[in-house]
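Residue numbers (the numbering used here), protein chains in the order written: chain Z, 123 to 209; chain C, 635 to 1026.
Worth flagging that the hints you see were computed from the coordinates, not collected in a lab.
We put the CB at the ideal spot given by N, CA and C, even for glycine.
Mixed in with the good hints, there may be bad ones.
[What the hints assert, rightly or not] What follows is a list of derived Cβ distance ranges for each label pair: (1) C:763 x Z:189: 46 to 54 Å; (2) C:755 x Z:178: 27 to 35 Å; (3) C:749 x Z:182: 28 to 36 Å; (4) C:1024 x Z:187: 42 to 50 Å.
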Amino acid sequence: MATQTESELKMAQLMVEALNLEDMEADEIDPEEQLFGDGLGLDSIDALEISLAISKEYGVQIKAEDEGTREAFATLRSLTAFVENKK
Amino acid sequence: MKIDIIDYETCSAAGLNLKALRTSLKHHNSGLIKNNLPGSDLDTWIGLVEQVSNVNDLGHWQSRNNALAALGYEQGTIRQTVAGLISKYGAARVGLVMGSSTSSIDRTETAYTQLDESGNLTEQFKQPFVHNPHAPSLFMAHLTGITGPSLTINTACSSSAKVFATGARWLETGIVDAVLVGGVDTLCLSVLHGFNSLQLLSPNPCKPFDQHRDGINLGEASGFAVLQRHGENSNSSGISLTGYGESSDAYHMSHPHPDGLGARLSMTQALERANREAADIDYINLHGTSSRANDLIEGQLISELFPGSTQCSSTKAWMGHTLGAAGITEAIIAMDTLNTNIIPGSKNLETLDEALSLSIKASDEHKVCQHVMTNSFGFGGNNCTLLFSRSE
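Excised from the complex, chain Z in its bound form (with noise of 0.2 Å):
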């Protein structure tokens, strides 16, 4: 799997600690892989629930019906650097 860096372990953190992902382990999460359908296999309640816990860490709001969410929820990698330039 690809290298996390530091902040997309924190992130993965994040991610297992709002979801409950217990049989996941923060550092295995591969940064490049889905985190929807068929990678990671979260759904839109988890997406929620993520911006929710993001919202709270680092103050950035995710809406939903927004354009770019999708593309930032692709991967953590993505997912990562999308909040870091909005903070």
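Could you slot chain C onto chain Z? The hints should help.
Frame of chain Z, contents of chain C only:
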């Protein structure tokens, strides 16, 4: 099938009782206010029933939900109607079906803010019948003296529409001679913040079906209706429940089926059960929450199923989305058109969503209706449609 609606009452931000609601509807006076709930800084509008705060003598039954139920039950002649039926048939031959989504979670929320040093509930909050999904029916059974079958339905926003269908079935099987159906839900932080985390709340007064709608407003309400088999009570309202449809999307926890498959089922079932064509329906009170998703899907479905002669509106701009109480609140608005001969407009509608072409407008229509319908669609994809007709 034919079930008579003997009596009905409603209590919401749009009116303490049916009489007050009729006035608000007529003058297009909304009961929505900017959110001022203590402990919440959410930028939204709410439909608060201020008088609930004065109902604080319920002892160990105390909760905001029970208080609003008690307040609603004091209105009009509902209490006397039920008392008369208990007298006539005996308490065990009267049934009770309540719908609610919060049940009394408002009280549980408060209880957690006042735990003792060991983290236990303090005395006044040790209320097993209140911190309970069945709380609304437990409380109403206590209040009314009804000892017949009792059920609390929680299917989110379709709860107090389904109560009519359940009540009708009980009457048809003959296990009871009358049924008190009702609904109650109150505003509390878990609900407000829950909807906020789903990104569904609007910072503006809601505009169902509008091109520029941007979310829902929440409200609280209680409502009641008394049902009997057709013809068994000469003192009836002149309105009958002639059809109902119930279905489940089996699609998503908080998003309706994109093609409205479940809603289509509940609407067509209601028509079939009433032996009616879509063209017979004069008015439909739509679920119309003002969410982007619901209104688009419901609006498109209506255009497919109903002709232009079927007038539609959502009345949620008057009192907000009252969740578990929305079913009965809007069933009452729909059935009351058979008494008032006024179809309320879809308040706050300015520009219809360009993807929609159903018969909907902001202004009222004066019309003598024969058959009306109401839709209530709940989270989890639960759908209920009711059809009311003049009893004749």
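* To do: Compare the structure with the hints numbered earlier in the document and write down the numbers of the violated ones, lowest to highest.
  => When the structure is compared with the hints, none of them turns out to be violated.
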